[in-house]
Amino acid sequence: MLTEGKIYIVIKEWLGIHGWSIVGGEPPGGTNVIPRIEIKDPHYTGRGSKGSRKIDLVGFKKGYFLLTEIKPRQSFSDAKKLREIVSRTELRFSFIRALTEKKALPTTALKTENYIENSKYLVKSQAFSVPIISPSDDFIFFIVSGSNVIPRFGPAISGDVRSLFP
Amino acid sequence: MNFTIYYEAEQEGRWFRGLSNHMALADMRQLRTHGKNPQMIDELITYDLPDIILLANNKPKIVLEKTEEVPTGHNVGQRFARLVRAAELGVIVIYFLPFAAMKHGKYANPCWVNARLFGAMFKVGEIHQTPFLAINWPHDEEYELLRDGTEDKVIKNLVDELLKKKFDTNAVSLVAQIKVEMERAQNEAIERNRGYEEPPGSVRIESTRDYMDSIRDKCRKPDMPSYMDTRSQTLIYTIGMTEENCRREDPYTGMQLIYDYQYCRYGRTKYDRKTNLILDFPEIREKTWLTKNPYDPRKKRRLWYLVPDLLVFKDGVINPEYIIKSHRTRSLSAEVLRR
Chain A
887 MLTEGKIYIV IKEWLGIHGW SIVGGEPPGG TNVIPRIEIK DPHYTGRGSK
937 GSRKIDLVGF KKGYFLLTEI KPRQSFSDAK KLREIVSRTE LRFSFIRALT
987 EKKALPTTAL KTENYIENSK YLVKSQAFSV PIISPSDDFI FFIVSGSNVI
1037 PRFGPAISGD VRSLFP
Chain B
261 MNFTIYYEAE QEGRWFRGLS NHMALADMRQ LRTHGKNPQM IDELITYDLP
311 DIILLANNKP KIVLEKTEEV PTGHNVGQRF ARLVRAAELG VIVIYFLPFA
361 AMKHGKYANP CWVNARLFGA MFKVGEIHQT PFLAINWPHD EEYELLRDGT
411 EDKVIKNLVD ELLKKKFDTN AVSLVAQIKV EMERAQNEAI ERNRGYEEPP
461 GSVRIESTRD YMDSIRDKCR KPDMPSYMDT RSQTLIYTIG MTEENCRRED
511 PYTGMQLIYD YQYCRYGRTK YDRKTNLILD FPEIREKTWL TKNPYDPRKK
561 RRLWYLVPDL LVFKDGVINP EYIIKSHRTR SLSAEVLRR
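Top to bottom, those sequences are chains A and B. When you line the first sequence up against the working numbering, it's residues 887 to 1052, in that order. When you line the second sequence up against the working numbering, it's residues 261 to 599, in that order.
Only chain A is shown next, with the shape it has when bound in the complex (with noise of 0.2 Å):
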């Protein structure tokens, strides 16, 4: 089984390969040129990043934010974590500022409030090397296996969204 930090390094690789920009994300257990997002809870007032949530890689392609976390094994941890960022509005809010403040948006021609009013441009995906499983509803998993990368739609996945990985 490949650790996190390798197939953080593997997926990168291959999305940038397929055309992705890498805009933010958080490497497991170091630091990287990307700039960390950190989505912050709106309930939370107090000082620190109680309750923020973390990326651990965030691609952007032809209008879609990919949206990647990122484990040696499937988690479902990780999928309950992006399916409440992508359908919470307060929180697609939050991921755009993020962004906004690191100054790490793909184009500063990017209307913003579309991802902040609509889901649909937010991808939700997960990079993992065992077990070798079919996504369920709209999650893209990535089955990453020594350097080679297989994608695997969900079936409410988009074919715009599938176009992007050619």
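I should point out that these hints are in silico values taken from the structure, not numbers from a laboratory. Fair warning: this is a prediction, and the values are worked out from it, not measured in the lab. Check before you lean on any hint, since a few could be wrong.
Unchecked claim - Result set (EDC-like, lysine to aspartate or glutamate): computed pairs, CA atoms no more than 16 Å apart in a straight line:
1. B:478 <-> B:546
2. A:988 <-> B:404
3. B:366 <-> A:976
4. B:363 <-> B:386
5. A:989 <-> B:401
6. A:988 <-> B:400
7. A:988 <-> B:401
8. A:988 <-> B:546
9. B:530 <-> B:348
10. A:988 <-> B:328
11. B:366 <-> A:987
Given chain A's structure and the hints, the job is docking chain B onto it.
Just chain B now, kept in the frame of chain A:
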């Protein structure tokens, strides 16, 4: 020269290798937990795991730590112990960090590095006669960190020069320039906050006699470190952890080293102190502490016992040396029985 790069996270190992063409063929190895690496690596990670260790012809030459967090307030100690260990062993230390950066959120503001970090770094470097260098991760005009590759310019030059000059730091002029930059950043931090000129609120320095008198009721054991009385002053670092949350190390075990080097040390070992170093836990009972933080030479919590002269609790004291010796005796006995 053959290079080996030990890394904690692979992306950082790759980043480090990319700093100089001389390392293009470096052997890349993942750091493992203490006790599972070659002995010289385990020696270097006795206090904690650094991000990078560079070996040249199988000898440790550079230990590097990289962070995008500005070390402010108490966080400044979090990464310090691992770097001190490298200096103790005469290995060049490079700490790549932002001296200032924007902190986001409701209380968004630029924040600056804690001046005490520089003070302690200079002292560690001086005592161990080893370069202990902080390199600034630069930011733009709005205090956002640069991430376009230009941020690596200084560190690239430094690492490349060190490799070219076979780690002779006297032959690398950039080392002196970096020290000047560190001094400038330290002075600016003190200008911004004069409080850095004094110990922080959690630290006080008292006469040893007065302090020992004040804890006399707790010190009924015969195993008190005898050398403590020979030092006229004692630094007391008060750690406000409660019994519920006392199973932790960061940032306290690093902070004790910052205060040790800033206010207590004059020489290479903990016995070379002019001022005693005491950790005071007013909310915790001795027995609870020992249950939650027993000495284990393989775990990071060993730092609670390796550094201070005494640990003081609500109802007693612990001589850390006694704990370490007892552990060794028990381990030896167990070993003899096994054989």
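Hint by hint, here is what the structure shows:
1. B:478 <-> B:546: 10 Å, holds
2. A:988 <-> B:404: At roughly 7 Å apart (the allowed maximum being 16 Å), residue 404 (chain B) and residue 988 (chain A) satisfy the hint.
3. B:366 <-> A:976: Holds. Residue 366 (chain B) to residue 976 (chain A) sits at ~15 Å (cutoff 16 Å).
4. B:363 <-> B:386: 32 Å, violated
5. A:989 <-> B:401: Cα-Cα ~12 Å, so holds.
6. A:988 <-> B:400: Roughly 11 Å separates the two Cα atoms, so the pair holds.
7. A:988 <-> B:401: 13 Å, holds
8. A:988 <-> B:546: 45 Å, violated
9. B:530 <-> B:348: Since the Cα atoms of residue 530 (chain B) and residue 348 (chain B) sit roughly 11 Å apart, the hinted pair holds (cutoff 16 Å).
10. A:988 <-> B:328: Given that 16 Å is the threshold and the Cα spacing comes to 12 Å, the pair holds.
11. B:366 <-> A:987: 12 Å, holds
Violated hints, listed in ascending order, are 4 and 8; each of the other numbered hints is respected by the structure.
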